[in-house]
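Visitor: Each chain, written out:
2 protein chains.
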Amino acid sequence: MTNQDDMKQPDSSETTPTSFVTVGDVRFAYRRFGKPSGTPLVFLQHFRGSMDNWDPALLNGFAKDRTVITVDNAGVGLSTGEVPDTVADMAHHAMVFIDVLYLTQVDLLGFSLGGYIAQHMTLSRPNLVRRLILAGTGPGKGEGTQDLNQDILAVASSPPSKDGMIALFFEQTETSQAAGAAYWDRLQTREGERDPYLTGNGVQAQRTALTRWDRNEDAAYPHLREIAQPVFVASGSNDLIIPTVNAIVLAQRLPKNAQLIIYPDSGHGFLFQYHTLFGKHATLFLDT
Amino acid sequence: MTNQDDMKQPDSSETTPTSFVTVGDVRFAYRRFGKPSGTPLVFLQHFRGSMDNWDPALLNGFAKDRTVITVDNAGVGLSTGEVPDTVADMAHHAMVFIDVLYLTQVDLLGFSLGGYIAQHMTLSRPNLVRRLILAGTGPGKGEGTQDLNQDILAVASSPPSKDGMIALFFEQTETSQAAGAAYWDRLQTREGERDPYLTGNGVQAQRTALTRWDRNEDAAYPHLREIAQPVFVASGSNDLIIPTVNAIVLAQRLPKNAQLIIYPDSGHGFLFQYHTLFGKHATLFLDT
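Chains A and B, in that order, are what the protein sequence lines are.
Our numbering puts the first residue of the first sequence at 1, with every later residue one more than the last.
Our numbering puts the first residue of the second sequence at 1, with every later residue one more than the last.
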């Protein structure tokens, strides 16, 4: 007997239980919630981040209109398996995960490292991706780009803390720092099991993958013209981790469907600082 | 006796009669329509353009939520007086016009030359301006900016035609050219009296003003840090007249409240090509 309640997706990030699905060596942890919609929006996370590092205010905004799926990629958070040391292998895992959920087409929101993965997925399986949101990310080395800041990446590899996270992700202004503190506090509102930040060997594997992409070893830069999907490129005005100019280069080199928004008074975490406005911009992009 | 109907503003750009108000040597022609709102949105027009060169689709979108005011500045279209050859004098005229309507605070949407005027007004009378939208414009000469294209300005000074306007304002793609043709056709839907494009000596005066600004003779570039208002900077991805990079420089140098959006597959006329999306972005900016 099917109970009507079983069909109903949970509607908030904080209360959605973690689900698991196993493919080969990897048991993927994921959460699916929001208004049932034709094309789910799949979120791909930043360096070391787990599902618990998405701002619930941002996720819940999207969940009002559509199905939201967050996932820990192989070896991250509550998922098992090895963290790969290339973006290509991370993209492979993410596509396998989408396939095993029987999703034939998704929208992707890739943030930072997640944006690298989203670009790789779009290039390798164009039919899988309807629309693409690239937040705080870059295309790899090319004309006009600036490298990932390795010093800052080293800092980001140390044990995470509220102060450290705010310093890395937010601008050195009162308004942005306050937005960072509010973001951190919202991250603590999850009910039920918590999903740990990546530590140990996996951190080095992710750093290797980031650095390879940055050197253009398997990056999207030479292939940007092949991306036919509409793309929304978004960045903070002063991103210390992946410099803002990379978003500009990305938008300039993508074919005619790339829209660029740069948010004021913000850094890498602009999408959390402006969760309402960014959510509205992204919704306009996804729905029109 | 006051008739209730006299209090109601017309709601569409095409049917609003032209009003006139005289100050000193200038009889200003203007149109005021839309939902009565606390802070009207005043539109400042591009090189040679009159009120009839605003896309009615764009104006009517804004008019659903707020009072819209379009105006011919001194010597342009249906207004009398001399066209000045400096942006400072154009800004002076526009401020006098706002004063004579007894408006104590307005939002400004300045497009191209109108964006120069809007910046000048904001710097000289900061209390007059609540929020500022700068579309297809630049701050004057400075680090990273590119000059106004003088060859294209010469072309833009010849008699206006549908083909010429589409070539100048829209991108060389099928989609953008089609959007240009649709824009031109919408311009023809005005009922009642028409408002002519600027010809004669006034054209040379506007060119001189544009060129002076571009050389930084009276431009905003050195003063951008003094603008404390929230600003929405918008540009097409490939503006042939005022190169897109000027919008990027503008957003980078404005204080912390400047949001930047660059629209894909478009040129100077991006705000007409994307009248719905740009209107929604601008409304989000004005209302939040």
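These are calculated hints, taken from the structure and not from any lab test.
Check before you lean on any hint, since a few could be wrong.
The list cannot tell twin chains apart, which means a pair is met if one copy fits it or any two copies do.
[As the list claims (entries may be wrong)] Here are the simulated DMTMM-like cross-link-like pairs (lysine to aspartate or glutamate), alpha carbons at most 20 angstroms apart as the crow flies:
hint: 1; residue 1: Lys256; residue 2: Glu174
hint: 2; residue 1: Lys280; residue 2: Asp65
hint: 3; residue 1: Lys256; residue 2: Glu217
hint: 4; residue 1: Lys141; residue 2: Asp85
Quantities reported herein were computed from a predicted structural model and do not represent experimental measurements.
Visitor: For every hint, state whether the structure bears it out.
Guide: So, going through the hints one by one against the coordinates:
1. Proximity of Lys256 and Glu174 under a CA criterion of 20 angstroms is satisfied inter-copy only: 11 angstroms between copies versus 37 angstroms inside one chain copy.
2. In this homomeric assembly, Lys280 and Asp65 come within 20 angstroms of each other (Cα to Cα) both inside a single copy, at 11 angstroms, and across copies, at 18 angstroms.
3. In this assembly of identical chains, Lys256 and Glu217 lie within 20 angstroms of each other by CA distance neither inside one copy nor across copies; the values are 25 angstroms within and 36 angstroms between.
4. In the homo-oligomer, the alpha carbons of Lys141 and Asp85 lie at most 20 angstroms apart inside one protomer (18 angstroms), although the nearest pairing across protomers, at 46 angstroms, exceeds that limit.
Consistency note: the structure conflicts with earlier hint 3 alone.
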